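Engineer: Here are the chains, one letter per residue:
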Amino acid sequence: MPPDSPSRECVRRAEMRANTRFAVILSLLGAAVIASAFAACMFGRMDVPGRDVIRALLSGFGWTGGAGVNEVQRLVVFDIRLSRIVLSMLVGLNLAVAGAVFQGILRNPLADPFTIGVSTGAAFGASLALFLGMGARSLLGVGLLPAAALGGAMAALFAVITLGRIEGHLRRDTMILAGIVVATFLSALISLLKSLDEDSVASIVFWVMGSFQGRGWSHAVFALPYSLAGLAMIWMHARELDILAVGELQAMQVGVDLERVRLILMIGASLLTAAAVSVSGVIGFVGLIVPHLVRMTIGAEHRRLLPLAGLLGAVVLLWSDVLARILLPGGEELPVGVVTALLGGPFFCGLLKRHKRGTGL
Amino acid sequence: MIHVQELTCGYGAVRVLEGVTFHVAPGEMLGVLGPNGSGKTTLLHVLAGVIQPEGGRVRVAGQDLRATSARWRARRMASVPQKSVVTFPFRTLSVVLMGRYPYLSRWGGYTLEDLDAAVEAMEQTGTLPLADRLISEVSGGEAQRVVIARALAQAPEILLLDEATSSLDVARKIQVFDLLRRKNREDGTTVICAMHDLNLAALYCDRLVFLKEGGIALDGATDELFTSEHLSTIYETPVMVSRHPATGGPQAHFVPGRHVGASVRSPGDGDRDGKHTGC
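First to last, the sequence lines map onto chains A and B.
Here the working numbering is used: the first sequence runs in plain steps of one and ends on residue 361.
Here the working numbering is used: the second sequence runs in plain steps of one and ends on residue 279.
The hints are simulated quantities; they were obtained by calculation from the structure and are not laboratory data.
Remember, predicted model here, so these are calculated numbers, not experimental data.
Among the clues, some could well be false.
Beyond 10 Å from chain B on every Cβ pair, some chain A residues (computed) [to be verified]:
no., residue
1, G44
2, L58
3, V69
4, D79
5, S83
6, L128
7, F131
8, T162
9, A188
10, G247
11, D257
12, A300
13, W319
14, F348
Here are some of the chain B residues that sit facing chain A, going by a computed Cβ distance under 8 Å [said to hold, decoys possible]:
no., residue
15, F88
16, P238
17, V239
Virtual Cβ for every residue (Gly too), placed ideally from N, Cα, C.
Using the sequences and the accompanying hints, generate a full structural model.
Structural biologist: Here is the structure:
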């Protein structure tokens, strides 16, 4: 042993330092989430002064004291803007956490919620519902679309798991291949639906690009239970996810029940993805870049990576949506998927360049 | 400790092991040798319970392996693969702590006891100075010693090593095998290592099992089996054996330019590392 080998005490202290670092970043991001939520309420077509925003929010949360609140402002700030903000943050969180999980399971830092076809499945489910003219029907107050998207996502996951199985064992490489096949096939079906029915093209395109336009509290409420279930399934197996990210064989050798744990993690991440896509359409890059960025900062341990990725995903998608709302001068909205792709593409190239120079992932 | 009876195993239509029978007593230090593709890696995978045999029985510590859980196996047996490439930036200490996974309770995290076990394992493998480094950024040899530390942190009764030191330099090899011998002699750990390095096997293993074409060709004490005739037959190339000047044990010497022209078998058993598709 080298004589300067650090003592146990040193290792413990290093462990504590890492925990402190995590706590600091976590609270900073947490504060950023809350501050962003309020700050984003200021942006929009109608000009609402800061004081009135606060007043409208307080009234929305049921605080009735103080001077009379402008009903219109309350409607705009609380019912329209805040609901959309909360929804975009929930979707951002879902996508980032799901991305981190898929990257870990597939041991591929370039994987994301789209790699194994789950989100294309969701988009196909929604497109099919639109094609069949069920877009206007209502279920639980949010229309049939989210439910159709959720169904499509889970069907795609099932197809990938079935196709990816060789001799009863699910393998990483066959799973990625199966995901690509399923995604490509479903994309083709979506194009087919588009060409068969001219009327629904606009709404299908809307789905494929992803947007929060016209979404509100009911959509957040729809997505919440699936998101919570997915997050719980993932959080309970975060340590196993660490071990899976090192290798399947080694995971079995240190006592991980591979097939069961991997299935739970995949269902959890798919639930998150499906919940996100079902209320917002397909939004790219958040699930790819955010986990990547956090991993570069804090390391790959998922009990630290997942919460930070979730919070950063929430902030990133929230501000992307604000940009989507205000970027075009005429008051028209961009699909938020366009904004994330425009921001994410160049950013990702930068990351790749850095990686090539040997800074690690 | 380990009873293997008429073991048959393969991948798809390819039979890799056929009718393998042997027993390992507690506290043995056993070398598994044989040419590429002879089934060494597969045998270790079957013993570790990560692939299921097609036929035959494997009993470890009195239990039929099929009736055991992954957790039960990981508390008794630790495996070190030939090499492990970790893409993600885990700190090396986190990787070693993964060896404590079979001891975790469902809701609890790693305890101070787990941390102590990890630190001790890192001390023994000389990786403690790397504790705060990222596994994706240390050298291949360092990463391999980290993985060996993880196996030690599992506090196993049986250590299964698959060419575990082939990526290490000579001094590190000796260091690791000295450590394995100490674990074997002092703690009574049973050590089973698949190896290509005949001389390293002769230096450290009390007993050798030679696999060839999926069956056991020879099984016995190192001093009896490690002869010019046996080695030349098994490896199909001339091998001379002399005495080690310091230990007096047997050592093999190879003769250049006199390969007897046996066909080269492929795929090598190292190629099977990524597969765990079972039989």
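Engineer: Compare the structure with each hint and give your call.
Structural biologist: Hint by hint, here is what the structure shows:
Listed as a non-interface residue, A/G44 keeps its Cβ farther than 10 Å from every Cβ of chain B; the least gap is roughly 40 Å. Taking the minimum C-beta to C-beta distance to chain B, about 39 Å, the non-interface status of A/L58 holds against the 10 Å cut. A cut-off of 10 Å between C-beta atoms confirms that A/V69 is not in contact with chain B; the least separation is 46 Å. Listed as outside the interface, A/D79 is consistent with that label: its C-beta sits roughly 40 Å from the nearest C-beta of chain B, beyond the 10 Å cut-off.
At roughly 35 Å, the least C-beta separation between A/S83 and chain B is larger than 10 Å, which holds for a residue marked as non-interface. For A/L128, the condition that its CB be more than 10 Å from all CB atoms of chain B holds, with the nearest at approximately 35 Å. With 10 Å as the threshold on Cβ separation, the claim that A/F131 sits away from chain B holds: the shortest Cβ distance comes to roughly 40 Å. Consistency note on A/T162: stated as away from chain B, and its beta-carbon is indeed over 10 Å from all of that chain's, at 16 Å minimum.
At the 10 Å boundary, the C-beta of A/A188 stays outside the reach of chain B, the nearest C-beta of that chain being 30 Å off. For A/G247, the shortest C-beta to C-beta distance to chain B comes to about 6 Å, within the 10 Å cut-off, and the non-interface label is violated. A Cβ of chain B approaches the Cβ of A/D257 within 10 Å, the least distance being about 5 Å, so the stated non-interface status is violated. At the 10 Å boundary, the C-beta of A/A300 falls inside the reach of chain B, the nearest C-beta of that chain being 4 Å off.
Listed as outside the interface, A/W319 is consistent with that label: its C-beta sits roughly 27 Å from the nearest C-beta of chain B, beyond the 10 Å cut-off. In this structure A/F348 is separated from chain B by more than 10 Å, as the shortest Cβ-Cβ distance comes to about 17 Å. For B/F88, the suggested interface contact is upheld, since its CB lies about 4 Å from the closest CB of chain A, less than 8 Å. This hint is violated: B/P238 has a C-beta 36 Å from the nearest C-beta of chain A, more than the 8 Å allowed.
Because the smallest distance between the Cβ of B/V239 and any Cβ of chain A comes to about 32 Å, over 8 Å, the interface hint for this residue is violated.
Of the numbered hints given earlier, the model fails hints 10, 11, 12, 16 and 17; all others are met.
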